[in-house]
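Each residue of the sequence shown is one higher than the last, beginning at 1 in my numbering.
Simulated from the structure, these hints should not be mistaken for laboratory data. Note that CB positions come from ideal geometry on N, CA and C, so glycine has one too. Some hints here could point you the wrong way.
Claimed, not checked - DEER-style ranges, computed between Cβ atoms:
(1) 146 with 38: 18 to 24 Å
(2) 114 with 183: 21 to 27 Å
(3) 164 with 38: 28 to 34 Å
(4) 75 with 170: 16 to 22 Å
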Amino acid sequence: MDIIALEQHSAAQLVDKLRRVPLLEQPDVFVYEHALITLERIHTDYLNPAQNYIWLQELRKTQELHWSLAALGVDLFRLDGYVTYTVRQADGSEATYDLYPPIVEESVEADGTLTAVINDGMHRVYLARLEWIIPQVVYIRGVPKAFPYYAFPRPEGWEGLDLLAENPNPQTYLKKCHRQRENKKLFRDFQAVFHNVGRPRSRLLKS
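Please model the entire structure based on the sequences and the hints provided.
Rendered as structure tokens:
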């Protein structure tokens, strides 16, 4: 991965942007506006995945990003804010991305269990687990009860997670157990305030 430019941003700048993240289908609703947002190092045993699988191509991309950032003195697992980086791609074009720590939301489930649901950054958390690292995450408390994360955390946690070579077909594979039929109404639109965080970046494997 050919990173040609890198800019680091503070934790305060990260929190300010997160407070302006809207819901995808309700852009006037800012679910983190009044939440308690902190950067914390949390063992992966205490983080709850909602996704039932790891996509190997995305995991490899995450490894490449980890190594490329490390060569520039940046720790993927301890960003202390967020970074903006530009990659020169195989065709000579450039693409710029923002990268923030994994987003974790505190959620109380129907049986009273307090969970720490991985909202964004599943593959980075899994890579940290493989490398025996306690990652830094964005931990968010006080999300309005009317707007929980759109999928339930897995009751089994990390146990039984599938490692898949291909991104599975949602018609034949349960990627996540959604909280409601119109689950996208609860989807957080990080792309509204960050650069290129809502689209696949697997092309970076070839950069």
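Checklist line | Broken hints, by number | finding: 4
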